[in-house]
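Starting from the known structure of chain A, arrange chain G with the ligand on it as the hints suggest.
Protein chains in written order, with numbering that gives the first Met the number 0: chain A, 0 to 410; chain G, 0 to 148.
In case anyone wonders, no lab produced these hints; they're calculated from the structure. C-beta atoms are modelled at their ideal positions from N, C-alpha and C, and glycine is treated no differently. Keep in mind that a hint or two might mislead.
[As the list claims (entries may be wrong)] Computed beta-carbon distance windows for the label pairs: (1) Asp14/G / His392/A: 31 to 39 Å; (2) Glu27/G / Glu159/A: 44 to 52 Å; (3) Gln254/A / Ala112/G: 36 to 44 Å; (4) Asp14/G / Pro333/A: 20 to 28 Å; (5) Glu10/G / Glu21/A: 26 to 34 Å; (6) Arg319/A / Arg17/G: 25 to 33 Å; (7) Glu27/G / Val147/A: 34 to 42 Å; (8) His195/A / Thr146/G: 52 to 60 Å; (9) Glu21/A / Gly51/G: 36 to 44 Å; (10) Ala91/G / Glu344/A: 18 to 26 Å; (11) Thr146/G / Asp377/A: 20 to 28 Å; (12) Lys26/A / Thr29/G: 25 to 33 Å; (13) Gln254/A / Glu27/G: 51 to 59 Å; (14) Arg17/G / Glu314/A: 57 to 65 Å.
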Amino acid sequence: MNVINGGYPIDEIRKDFPILSEQVHGKPLVYLDNGASAHKPSTVIEQIKRTYETGYANVHRGVHHLSQIATDAMENARRKTQDLLNAADEKEIIFVRGATEGINLVASSWGRANLKEGDEIILSVLEHHSNIVPWQIVAEQTGAIVKVVPIGDDGTFLMEDYKKLLSDRTKMVAVTHVSNALGTVVPVTDVIRLAHEQGAVVLLDGCQAVPHISVDVQALDVDFYVFSGHKLYGPSGIGILYGKEALLELMPPYQGGGEMIDRVTFEKTTYAELPFKFEAGTPHIAGIIALGSAIDYVTGIGFDAITAHEHDLLEYATERLQSMNTIDILGTAPEKAAILSFNIEDVHPHDVGTILDHSGIAVRTGHHCAQPVMDRFDVAATVRASFGLYNTHDEVDALIEGVRKVQEIFA
Amino acid sequence: MSTDLRDLYQEIILDHSRKPHNSGHLDEATCEAQGNNPLCGDRISVYVKLDGDRIQDAMFEARGCAISVASASMMTDMIKGMTVDDAKAAHARFLELITDDDPPQLADDDQLAALIGVRDFPTRIKCATLPWQTFSAALDGGADEVTTE
Ligand SMILES: Cc1ncc(COP(=O)(O)O)c(C=O)c1O
Chain A
0 MNVINGGYPI DEIRKDFPIL SEQVHGKPLV YLDNGASAHK PSTVIEQIKR TYETGYANVH
60 RGVHHLSQIA TDAMENARRK TQDLLNAADE KEIIFVRGAT EGINLVASSW GRANLKEGDE
120 IILSVLEHHS NIVPWQIVAE QTGAIVKVVP IGDDGTFLME DYKKLLSDRT KMVAVTHVSN
180 ALGTVVPVTD VIRLAHEQGA VVLLDGCQAV PHISVDVQAL DVDFYVFSGH KLYGPSGIGI
240 LYGKEALLEL MPPYQGGGEM IDRVTFEKTT YAELPFKFEA GTPHIAGIIA LGSAIDYVTG
300 IGFDAITAHE HDLLEYATER LQSMNTIDIL GTAPEKAAIL SFNIEDVHPH DVGTILDHSG
360 IAVRTGHHCA QPVMDRFDVA ATVRASFGLY NTHDEVDALI EGVRKVQEIF A
Chain G
0 MSTDLRDLYQ EIILDHSRKP HNSGHLDEAT CEAQGNNPLC GDRISVYVKL DGDRIQDAMF
60 EARGCAISVA SASMMTDMIK GMTVDDAKAA HARFLELITD DDPPQLADDD QLAALIGVRD
120 FPTRIKCATL PWQTFSAALD GGADEVTTE
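Same shape as in the complex, but just chain A:
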């Protein structure tokens, strides 16, 4: 689909997502939980069906026709992902289960090969647990130390503190591109440049960035980049690890098994070339192919249009919430993407979530797997509305109406 005459084709887009015509508790669904997982357009759903009906077999194994079709389709999805991220080579795109597995792969494989006692890993307070725990595990195993960049009261990444933490002991900087709990966009270009000046390697968690803004790993000069397919309107169970070829070449395999080997004997096993060295076992074949369809879908609309549309929604929602009483917005950094975290005074987010749900409005309530962020603001949880390419101003109005209702009930 193309953006016609500069206008954002929201009506056409909404028709592409079958689930958006569902009703919840007798009300039209207002889905504002895209940060947790996004819905799938028909093209993705159809692609999964088509793969199983006409083009499915195991990949990279058989000489038979279907195996070849499935292999070609999967490798085609790898090239689409390469284009999406502007990676230099398709070998640099590794299929994993999701961002979590991608980070674990790097922490385990790169970390154990490169970290030693006293080396430092820099994270930020903004991190999702999946970009904290793998580093704690490898730190424990290697004697490396985890350092944490603080955030300001508005949720910004504090660059001056980051500079102070950086030193020649820094070996890895692993930070989120966009915060899932607050929406803060981290100034990653500077983060990467400064880390490289110290000889450190940088991993970016792109889960909340890839669905909303265009990402160019070569322009960023980032070393590792991960994201999950299910937040990019693709299937769950499939994610991407991008890594620079030179780094991936030097890393030992993460898991052993089929597909990742060159030749196996009991004396010695030699490993396959990239990317297969890191793709042990039968992958989520239909999911990978459908991720390719999801990428086609978003690039068909275009990131300029998506980013502008979501920015509009975020500004509108922020203004409307700010104009209400007893609302606390968490995360007001100047640069934000698609995420609005807030609390209603004296009302627990769970109660807000239940009442909104009864108006058909799906939001996330809880700590968003980012407890350090919650601790930073001394709250147990927040209500999070996260926008996607199919959301509308009317849905923001419904959210505001829902918040009013909560205030009424708890008045």
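Just chain G with the ligand now, kept in the frame of chain A:
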């Protein structure tokens, strides 16, 4: 407000959540336990003072939603003065009331009646049961933190 939302957020629930009874630390507690709902970060501590097999006093400290705080408030009101066995039976009946497909009949003045609306909110049942589970753990010695997961 739709009818079943009204069933959940009854005035009595909101009152208990705004002004919980028995909230605070019980210095003379003879047993206590901590409960945690890792999905939402809610935490509760339940303190019980036993005199033989009678519950002389019970208090709680909680950081949680209206449902869990109201449940803890009503629970502590109810179990004070009960024998341990009666309190355990009340716990069992509460679980039946809000989770069984075929719940037992309620008396009109049943102290557990107010929370029955939570039946229709499967994602919130754990909020209502956490205080009771934690209370039960306190009676059993309270060594491990109770968790809903
Ligand atoms: C910033 C961030 N990192 C990592 C993850 C983990 O992604 P997944 O569970 O798909 O591996 C998420 C999603 O919840 C996220 O928002």
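Consistency of the hints with the structure:
1. Asp14/G / His392/A: 31 to 39 Å: 37 Å, holds
2. Glu27/G / Glu159/A: 44 to 52 Å: For Glu27/G and Glu159/A the Cβ distance comes to about 51 Å; the hint holds.
3. Gln254/A / Ala112/G: 36 to 44 Å: 54 Å, violated
4. Asp14/G / Pro333/A: 20 to 28 Å: Taking Cβ atoms as reference, Asp14/G and Pro333/A lie about 42 Å apart, which means the hint is violated.
5. Glu10/G / Glu21/A: 26 to 34 Å: 33 Å, holds
6. Arg319/A / Arg17/G: 25 to 33 Å: Since the Cβ atoms of Arg319/A and Arg17/G sit about 27 Å apart, the hinted range of 25 to 33 Å holds.
7. Glu27/G / Val147/A: 34 to 42 Å: 41 Å, holds
8. His195/A / Thr146/G: 52 to 60 Å: 43 Å, violated
9. Glu21/A / Gly51/G: 36 to 44 Å: 57 Å, violated
10. Ala91/G / Glu344/A: 18 to 26 Å: Roughly 37 Å apart at Cβ, these two residues miss the hinted range, so it is violated.
11. Thr146/G / Asp377/A: 20 to 28 Å: Between Thr146/G and Asp377/A, where Cβ atoms are some 22 Å apart, the hint holds.
12. Lys26/A / Thr29/G: 25 to 33 Å: 50 Å, violated
13. Gln254/A / Glu27/G: 51 to 59 Å: 55 Å, holds
14. Arg17/G / Glu314/A: 57 to 65 Å: 34 Å, violated
Going down the numbered hints, you'll see the structure goes against 3, 4, 8, 9, 10, 12 and 14, while the others check out.
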